[in-house]
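Just so you know, the sequences run in chain order A and B. Read the first sequence against the numbering used here and you will find it ends at 404, with the numbers running on by one and no gaps. Read the second sequence against the numbering used here and you will find it ends at 1464, with the numbers running on by one and no gaps.
In short, the hints are calculated from the structure, not lab data. Fair warning: there could be bad hints in the mix.
[Unchecked claim] One side only, chain B facing chain A, incomplete, derived with CB under 8 angstroms:
(1) Asn1014
(2) Ser1015
(3) Leu1017
(4) Leu1039
(5) Val1041
(6) Ile1043
(7) Phe1122
(8) Gly1123
(9) Gly1322
(10) Pro1346
(11) Pro1347
(12) Ala1351
(13) Ile1352
Glycine included, C-beta positions come from ideal geometry on N, C-alpha and C.
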Amino acid sequence: MNKILEELKKEASKCINCGFCDSVCPTFSASGYKGFISARGRVNLANSLIKEIKNSSNFSLNISEAYYSCLGCYACFEVCPAGVNAGKVSELGRKLIIKYRKDQKKYLAELLVKIILKYKDPLGLSKKCAEWSQGIEIDEKSNIIFYTGHMYQLMGYSKKLEKFMLDNKLIFNLSLKFLNYFPFLNKFSSYFYDKEIEERMNNILKKIFNLLKTCNINLNYLKEKEPYPGTLLLDFGYEEEFEKYSNYVTKLFHENNVETIVTIDPHTLELFKFHYPKYAKDFNFNVVYYLDLLNVSNIKKFDKRVTYHEPCHFVRRLNYNLHLKILKEITEVIMPLHKGRNTLCCGGPDAMLYPEISENIACNRFNELERTGADYIITSCPVCFTNLYKSNKVFDLAEIFEYQ
Amino acid sequence: MDIIKQLTSILDKNSLLYKKEEIIPYSRDASFFKGSLPLAVTIPNNVEELSRIMKLCYENEIPVYIRGGGTSLTGASVPFENSIVISMAKFDKILELDTISRYVVAEAGVRLENLNSYLDMFGYFYPPDPASSIASTVGGTISTNAGGLRAAMYGTTKEWVLGMEVVFPNGEITRFGGKVLKRSLGYDLTALMIGSEGTLAVITKAILKIAPKPRKIGRILAYYDEIEKVGEAVAKVKEEGITPMIAEFMDKIALESIKKTKGISYPENSNVMLILDIASEESSLDPLLERAYKIINSLNPIQSKVTTDPIEMERIYLARKGILSSLLVERESMNQYMIIGDIVVPPSKLAITLKEIQECNKNFYFKISLLGHIGDGNIHITIFTDPNDVELMKKTEEFLLETGKIALKHEGSVSAEHGIGLEKKKLLIEEFKAKNSLVNLEIMKQIKKVFDPKNILNRGKLLE
């Protein structure tokens, strides 16, 4: 417990309890203002936990709700005068649960982890995830791979699954317990398939691929061999499993002579930039984001006024904002009240485990974006897109890009 | 517990917390005081639920602690054992805005920054701006009569409250004041609630005055070698008939911390900085600013400048507002905690008071930083100490007591804008003693009895 505990202590003990973080923590208001489902509460709980473990070398506090409900949006870190990152505190809290208090784990998380490890995809749909690529021209000899990470493809399932969970809580929880023993039954997930979202996502993938091709970049794509990157393993606190999994993915890349990985979403980009190098041996690839490869000066003007929802992972974790710069070049942009490093989370990370909280946050953000009066609401992350998709005004950035 | 069972008949399960891991966050506020775990935390959805909770607690004589943003620096919102906490978080709506009559009606849990973001859309603002405005609430700031940077021109919260709705300890709901600027109705019960720190009744919503945003603001920055010059400069500006909107000072330790955290440098040989804001109509600002700048320069600052550039002004304003955050880098270890004093003296006595505080610290050897609102004489002495070190905390308390006495000697007060809470109970008595007015304490106790005969609200604070 020592290593995780030491890290937790280092982070949480800096807290001066000013409460600034609570004012920006999306889960606080979305949970009906429960203090333990907020940034300051999570840090308070960590400090109590540290004390308890110090006295009895174990802990009795149930920390599951507090730490699994954290979105990891890092809005708290942005306003903290003492430099405490309650998001990081939650990450460490989840690692503690998985390592020492499995009784506090989440059944859904456990199930998804099992499926990821077995099928290399959270829903066991690797084959389906490659369907978008039918008819596109792939250069199998290229050492530059177009890597989807299954993120856009999985969105076709997440919304319906979330609705089912909201409407059938009891049945869902019982089925989860059952499914944990028989993970191969995950094929039932095709029931939650949303044709409209799937088609939209597949078109976005094709669009991004073709935008890159127009720039004369020869791209390989691993099709059904492409594994999911393992984001949820780390998010749910399964550190050991992530270590093994990331090594598997890295080996697969090496076997396919990969040198450059072109990512298309912020979650995967962050994972490859910051976490894979820590966990996976020989992860020495050149990781790039697709936007950096486009000939942006050649993108056509867009004749609609837009507002841009900046994904937390891009602006706060990756410090990346090329999207907004390009948008400002091609059209009129009206930014919402919460922008830049103060952007609001879309609620997406809570969609699976806390669908009600997630939905409250999404509605709140969607309303703020709509209040700008813009014709289009643009974002650049599949998770944000899906969670904010509450009207036909919502678009992925790639959808509005055309070359002159 | 029986009380929890009874509370379940009032509240839905999402509005009642009683498991240990759920209620731990409610045992602390932004002060160094560690409270106890209450029996339960309630988060009422409306005034009716709140009233029923109060009635239940009143009948069972259970102490009740009201919580707003939990930003008190004096322990005003920490609970003790066998109590119920009422979180006002769900009272988060802005109900009405009337720009002709110039008031806004906001519920108690609305955070000040959110209120001002809303008012900004209409060209108005609510002037009280404590450094915690991102998190502090309408109800909490009324309860402590909060001030802030703009108090030099706009005064503290008490100048901006027209009326409110409150719930008495027995659950009865009533309204004080109203939507009009003038009223003459006997005792001013609205005023009585301001600064009462949750000991008399629960504020649920308030009618607040608002002001149009100043058309234009100019900012003067000046660095001096001696603190007296800052006092003198502000006094001279005022003598000339110019009322600054903001007049702030900070010492070298504070300047150093801003340099480290915000990258704002200062002349090495200066010991104190003055920030002076002048607000006026577009056309009349420049001559006013020019006059004030001339006065500032007549006292030979090491460096001075004037700016009306909004970006630069914002950078300096945020640096000042966030000074306590910046000062954290000056801690010598992670165990160190900053306790923030809150004395006030007539502005004319500021220079001598600051000197005497430094003299006094020669007996204590604390690392301290002096800063505050020179426009209204409010000094925040930031003391670097360790709340886990019993001996050191005794010394800290003694030092706070001594600085309070210095303020009283100069006809000031021991508490300007943070309130009494747990921290300044002794100091409150000192103040009444010094003014030969101990009877005031007795009057306050009698008032408390009228409002709260069973002493269930914020028990152990302010007067006890």
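Do the hints match the structure? See the list:
no., hint, in the structure
1, Asn1014, "holds (5 angstroms)"
2, Ser1015, "holds (7 angstroms)"
3, Leu1017, "holds (6 angstroms)"
4, Leu1039, "violated (15 angstroms)"
5, Val1041, "holds (7 angstroms)"
6, Ile1043, "holds (5 angstroms)"
7, Phe1122, "violated (14 angstroms)"
8, Gly1123, "violated (16 angstroms)"
9, Gly1322, "holds (7 angstroms)"
10, Pro1346, "violated (30 angstroms)"
11, Pro1347, "violated (28 angstroms)"
12, Ala1351, "violated (29 angstroms)"
13, Ile1352, "violated (32 angstroms)"
The structure does not agree with the numbered hints 4, 7, 8, 10, 11, 12 and 13 stated previously, though it agrees with the rest.
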